[in-house]
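Numbering that gives the first Met the number 0 numbers the first residue of the sequence shown as 0 and each following residue consecutively.
For the record, the hints were derived by calculation from the structure and aren't laboratory data.
All of these numbers come straight from a predicted model, not from anything done at the bench.
One should not assume that every hint holds.
Distance condition first, Cα-Cα at most 30 Å in a straight line; then the derived BS3-like pairs of lysine-lysine [claimed, not checked]:
id, residue 1, residue 2
1, Lys-50, Lys-89
2, Lys-148, Lys-50
3, Lys-7, Lys-61
4, Lys-89, Lys-114
5, Lys-96, Lys-7
6, Lys-114, Lys-61
7, Lys-114, Lys-50
8, Lys-89, Lys-7
9, Lys-96, Lys-148
10, Lys-89, Lys-61
11, Lys-148, Lys-61
12, Lys-114, Lys-96
13, Lys-61, Lys-50
14, Lys-61, Lys-96
15, Lys-148, Lys-7
16, Lys-89, Lys-148
17, Lys-96, Lys-50
18, Lys-114, Lys-7
19, Lys-7, Lys-50
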Amino acid sequence: MSNFNPEKLYVEFGNNITYTSPIIPRVYTLTHSDETGDLFLYIGRNYNLSKITSFRDEVLAKWINLNGEYVLSVNLYVGGSEFDFIVQSKRYDIFNKELPLALKAIIYGDNQLFKTYPQLNNSQIIVTFHSIHPVFNSRIFWGYIDDYKS
Numbered sequence: 000m001s002n003f004n005p006e007k008l009y010v011e012f013g014n015n016i017t018y019t020s021p022i023i024p025r026v027y028t029l030t031h032s033d034e035t036g037d038l039f040l041y042i043g044r045n046y047n048l049s050k051i052t053s054f055r056d057e058v059l060a061k062w063i064n065l066n067g068e069y070v071l072s073v074n075l076y077v078g079g080s081e082f083d084f085i086v087q088s089k090r091y092d093i094f095n096k097e098l099p100l101a102l103k104a105i106i107y108g109d110n111q112l113f114k115t116y117p118q119l120n121n122s123q124i125i126v127t128f129h130s131i132h133p134v135f136n137s138r139i140f141w142g143y144i145d146d147y148k149s
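Model the full assembly from the supplied sequences, consistent with the hints where possible.
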């Protein structure tokens, strides 16, 4: 796993969203540059679809309310018919390897939210891998927000 470097993280807040509100709807679009290693985090009420490339290696996350508790729901696109099984296997492995870095970036980039609402630090992280292949198409508990604080 790559190490998280806060100096490589660039954060942008969308319209009608502040450092501390709302919690719902609050979504994250995290992309990166393979050339520079820079991470680009967009925080808004909707995903920033203009940041998504044909590689589909972005990390999308949003706050949801599940049984009265806040949960960070993360969505990763492993592949549809455009990627064969071997490519999806590699993508799945890369997402699993790099997801801790992505979670650290999201949590660091939105740190004021967690300072304002410390109860969010105990929130579960649920990751959904989207794939046409059942072996990769899964929903997994990835720990708690506190597990990824730098």
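Hint-by-hint comparison with the structure:
1. Lys-50 <-> Lys-89: holds, 22 Å
2. Lys-148 <-> Lys-50: Holds, because 25 Å separates the two Cα atoms, which is no more than 30 Å.
3. Lys-7 <-> Lys-61: holds, 22 Å
4. Lys-89 <-> Lys-114: violated, 36 Å
5. Lys-96 <-> Lys-7: This hinted pair holds, its Cα atoms lying about 19 Å apart.
6. Lys-114 <-> Lys-61: holds, 18 Å
7. Lys-114 <-> Lys-50: holds, 27 Å
8. Lys-89 <-> Lys-7: holds, 25 Å
9. Lys-96 <-> Lys-148: holds, 17 Å
10. Lys-89 <-> Lys-61: Judged against 30 Å, a Cα distance of about 25 Å means the pair holds.
11. Lys-148 <-> Lys-61: Distance ~17 Å between Lys-148 and Lys-61 Cα, so the pair holds.
12. Lys-114 <-> Lys-96: holds, 28 Å
13. Lys-61 <-> Lys-50: holds, 16 Å
14. Lys-61 <-> Lys-96: holds, 21 Å
15. Lys-148 <-> Lys-7: holds, 16 Å
16. Lys-89 <-> Lys-148: holds, 27 Å
17. Lys-96 <-> Lys-50: Roughly 22 Å between the alpha carbons, so the hint for Lys-96 and Lys-50 holds.
18. Lys-114 <-> Lys-7: It holds: about 22 Å lies between the C-alpha atoms, which stays within 30 Å.
19. Lys-7 <-> Lys-50: holds, 17 Å
Of the hints listed earlier, the one the structure fails to meet is number 4.
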